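Trainee: Chain B: place on chain A using the hints.
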Amino acid sequence: MISTVALLLCGPAALLATAILAAAVSRHTAATRLVYGAAFAISAALIAIVASHLAGNSGEASATLPLGLPWTGARFRLDGLSAFFLIVVNLGGAVTSLYALGYGRHESAPHRVLPFYPAFLAGMNLVVLANDAFSFLLSWEFMSLASWALVMAHHRDEANRRAGTIYLVMASFGTMALLLAFGLLAGPAGTYAFDAMRMAHPGPLAAGAVLVLMLLGAGSKAGLVPLHAWLPLAHPAAPSHVSALMSAVMTKVAIYGFIRVVFDLLGEPAWWSGVAVLLIGGVTAVLGILHALMEKDLKRLLAYSTIENIGVIFASLGLALAFKANAMPSAAALALTAALFHVLNHSFFKSLLFFGAGAVLTSTGERDMEKLGGLIHRLPVTSFVFLVGCVSISALPPFNGFASEWLVFQAILRSPELPQWGLKVIVPAVGGMLALAAALAAACFVKAFGITFLGRARSAAVERAHEVDRWSLAAMVVLAAFCLLAGILPGFVIDGLSPVTLSLIGDRMPVQMAEPWLSIVPIAESRSSYNGLLVFAFIAISASLAAFFIHRFASHALRRGIAWGCGFADAVPAAQYTAVSFAQPIRRVFGSFAFRARETVDMPAPGSLEPARLKVDMHDLAWEIFYEPIAGAIDFATERLNHLQFLTIRRYLTLVFLYLVILLLVLALWP
Amino acid sequence: MNGLTFDIAHLLAGSLVLISFMMLYQDRLFALINVFALHAVVLALSVAWQAYIQDAHHLYITAGIALVFKAIVIPVGLHRIIQRLGIHRDIETAVGIGPTMLAGIGLVTLSMVLMLRVTPEADPLAREDLAFALSIILLGLLVMVTRRNAVSQVVGFMSLENGLVLAATGAKGMPLVVEISVAFSILIAFIVIGVFLFRIRERFDSVDVGALDDYRGERR
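Here the protein sequences come in this chain order: A and B.
To convert, take the position in the first sequence, counting from 1, and add 15; that gives this note's numbering.
To convert, take the position in the second sequence, counting from 1, and add 31; that gives this note's numbering.
Chain A extracted, bound-state conformation (with noise of 0.2 Å):
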C-alpha cells in the first residue's frame, strides 16, 4: 500500500518532469495547451487525493526521502494544516491552469513562461508537504527562485526588471530570515526535522526570536506592511495568470510557513506575540488598501489590496496567538477559523480579479484605468464575473468575503474577556483598523470596477474590445461560484477547517453543519448568527419580486431623451470620473498623513492660454523611511570597500596575516 504523502509527492515529480518538458518544446505551437494542461490535470489529481485521504479519516500521513541531510533526509508530511493548504495551492493552480489554457496563447514569449510555470506549481507543493527544515527552506527558494523567473518574463521592460531585481533581493533577505528561525528552533542540538522541533521548547527569549524572524521571514513573502515595497512592482510585472497565482497562492504559502512555525513548532505562545502580530496586521490591512485607493493601473491595484487581505488574516492570527496564550482556546480556533477561511477566500476572489484583469488586458492591451471604462458593454461576461469578484472581496453579503470577516470581527468582539488591559486595549483599536480597511476597501473597488467597466470608453482602444475566450470566462465562473457557494454555504468551511484548529490549538468552532437551515453561530446564538443562504434568498427573491413588478405593472411606453449631462455642455469621455479624482477626498482624509501627499495648482497667469494644472506630489514612506536609508548604508560600505579589490600581492599576504595575528591575540587574550 503506498502512502498519501508518496502519492502526493508524485504531483510535483510529475509538475517538475512538466517543466523540464516544457524547457525542450516550448517554441512548439501546441506547447501552450500541453503545459497548462497537464499542470490542470496534476493539480486536480492533487486535490482528488489531498479530498480522498480527508474523506477516509486517514489523520496524518509522512513519508521520509532518502535525500538532503544525510542525518535528516527529506522528510514530508501530510496533515490537517497541510492538506488544507494543498487544497487552497492546488485549487488555485488548477483553475489557473484552466485560465492559462485561452490566456497563455497571447503570451508574447511562452519559451520563457513554460518552463517556470509548472516549477513554481511543485514548489508551493512542497513548501507546504516539507516536514523539515531543510527540506522546507530548499522548497521555498525554489519556489522564490521559479517566480522571480515569471515575474522576469519580460525582461526587456526596464520596471520589470527592476521589480525583479527588489523581489529576488527581498526573497533572499526573507530566507535568511527563516533560516535564522530554523535555526533557533534546531537549538544547539541541530534537529532540523520537525518533529524533533515539536519536541524541543525554546526559552522566551529564543522564542520571541523566532516569531519576529518568522514575520520578517514570512512576512516579506506575504507582504507585511513595511517589507511589502516588491510585491506591487513583482506581482503586476508577471503575466496575468501568474500574478494571480502569486498575489492568491504564494502569499498563502508564505502565510502557511508562519502558522506552521509560530503555532505548531513554537509551543505556547506568549500574550504579547500576539500584540505584535496583531499590530503589523491592522497598520498592514489600513496601508495596502490605501496604498490600492491611490493607484490607477489595475494589476498594482490588485497587488496592494493582496496586501490589505494579508493584514486581516495577519490580525486575526495575531488574535488567535493572544487567546491561545490566555487559554482561551474556544475563542481561539475561531480566530484562527476565521483567518484560514479568509485565506481561502482571498485565494478565490484575487485570483478572479485578477484573470478579470489579465481579460482587460488582453482585449484592450491596457492596465491603465484612466485609459479604459465602458467595458460592461464589450466584455459582459467578464464584467459580470469582475463584479461577482469586486462584491466578495469588499465584504458584502451574501458572498465569502463576508462571511471570513464577519468571523474575524466576531472573534475581536471576544476581546473584553482577555485579562491583559494592553490587549483588552489594542484589540478594538485593531478592530477598527480592519473596519476602515473593510470600508475602504469597498470604496477601492468600487472605484475599480467602476472606472474600468462602467461609463464611457477612454481611449479607442477599449471600443474594439471583445470578449475573451472560452477557457478564461470558464475558470472566471467557476471562481465567481465559488465565491458565492462559499459565501452562502460557510458552515461546510468551517467545519472543514476543525481538523485543523484542534491539531493546532486543541479546539474548533461550535458543528456549523448541526445548526437549522444552515445558518453559522461562530460562539452562541444569543450572541450573533449569519446566515448567508437567507440573505441569498431575500436578495434573489427580492430582486426578482421588483423586476416582476417593474415590468409587468410599470408603463411600457418607451420614451428616450438626452442624459443629463451634469451640467457640462460637451460630454467627452475625459470629462468623466477618473480614478484620481475618486479617491481625492480619500486622499485628502488620510493622504496627507500616510503619503505626505501634497497638491499645487499650478495657475496659468491671465491671460495666458495654457492650462492650469493639480500637481499631486505623494511619497511611500516605507520606502523612505526603511529601504532608502539600507541601500545608501549599503552604497556607502560597497564604496569605501571597493579599493580592496585592487590592492598588491604582497598588501593581500599582509591582510591576510595580520588577520591571523588579530586571531591568534584574541584567542591569546581570551579570559
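Calculated from the structure, these hints are not laboratory results.
Nothing here was measured: the structure is a model prediction, and the numbers come from that model.
Note that CB positions come from ideal geometry on N, CA and C, so glycine has one too.
Only part of the chain B face toward chain A is listed, based on derived beta-carbon distances under 10 Å:
1) Gly137
2) Leu138
3) Val144
4) Val149
5) Leu169
6) Met175
7) Arg179
8) Gln184
Mentor: Just chain B now, with coordinates in the frame of chain A:
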C-alpha cells in the same frame, strides 16, 4: 619520557625557530636559499629524532623527503633559477630589518603564550613542538610579507610548510599520507611558482612583484 630525548627534540625544534629568524635578516638571495637549505636539514634531523623516540619508522621517510627535496633539490633548483634569471643583486626588504626582527620576536611570544595556554593537558613534547611549529609558520608568513622578490616569497612559503611538517610529526600517530601530501604540495608549489617566475620574467623582464602591480596600473 627521558630527559635527554626531550632536550634534544626541544633543541632541534628551537634551532628551527632560530634559523627562521636568520631568514628574516638575509638580504641576498643566495644567502637566503642557503639558510633555507639549513632550515630543511634541521627539519630532517628533527623529524628523524621524532621517528627515533616515537619508534615510528615511517617518519624516517618524511625525514628523507625533507632532506632530499627541501635541503637539496629545491635549493639547487632555486640557485639555477636565480642564475638563469641573473638576479644575484641585493634583495630589497620592504620593511627594515630592525622592525622585522622585533615583529618576529612578538610573533614567537604570541605563539608561545597561545599554545601553552590552550594545550595544558597535552604531552609536553607535543606542546613545545606545536608552539615552535606555530612560531615557524608565523615567521614564514612574515618573510613572505616583508619581501618583494618572488623568489624570497617562495622561500618564505616553503619555510612555512616546514613548520607544518614539524607540527605534523610532533603529534603521535599522524598517518604518513599527511606528510607525503605536504611534501608533494610543496614540490608542486615550487614547480608552479618556478613556471610562474619564468612567465613573469618573459613578460616583464623582472621578478619583482612590483612589476605586476605596475602592469595592473596600481600604485604601491
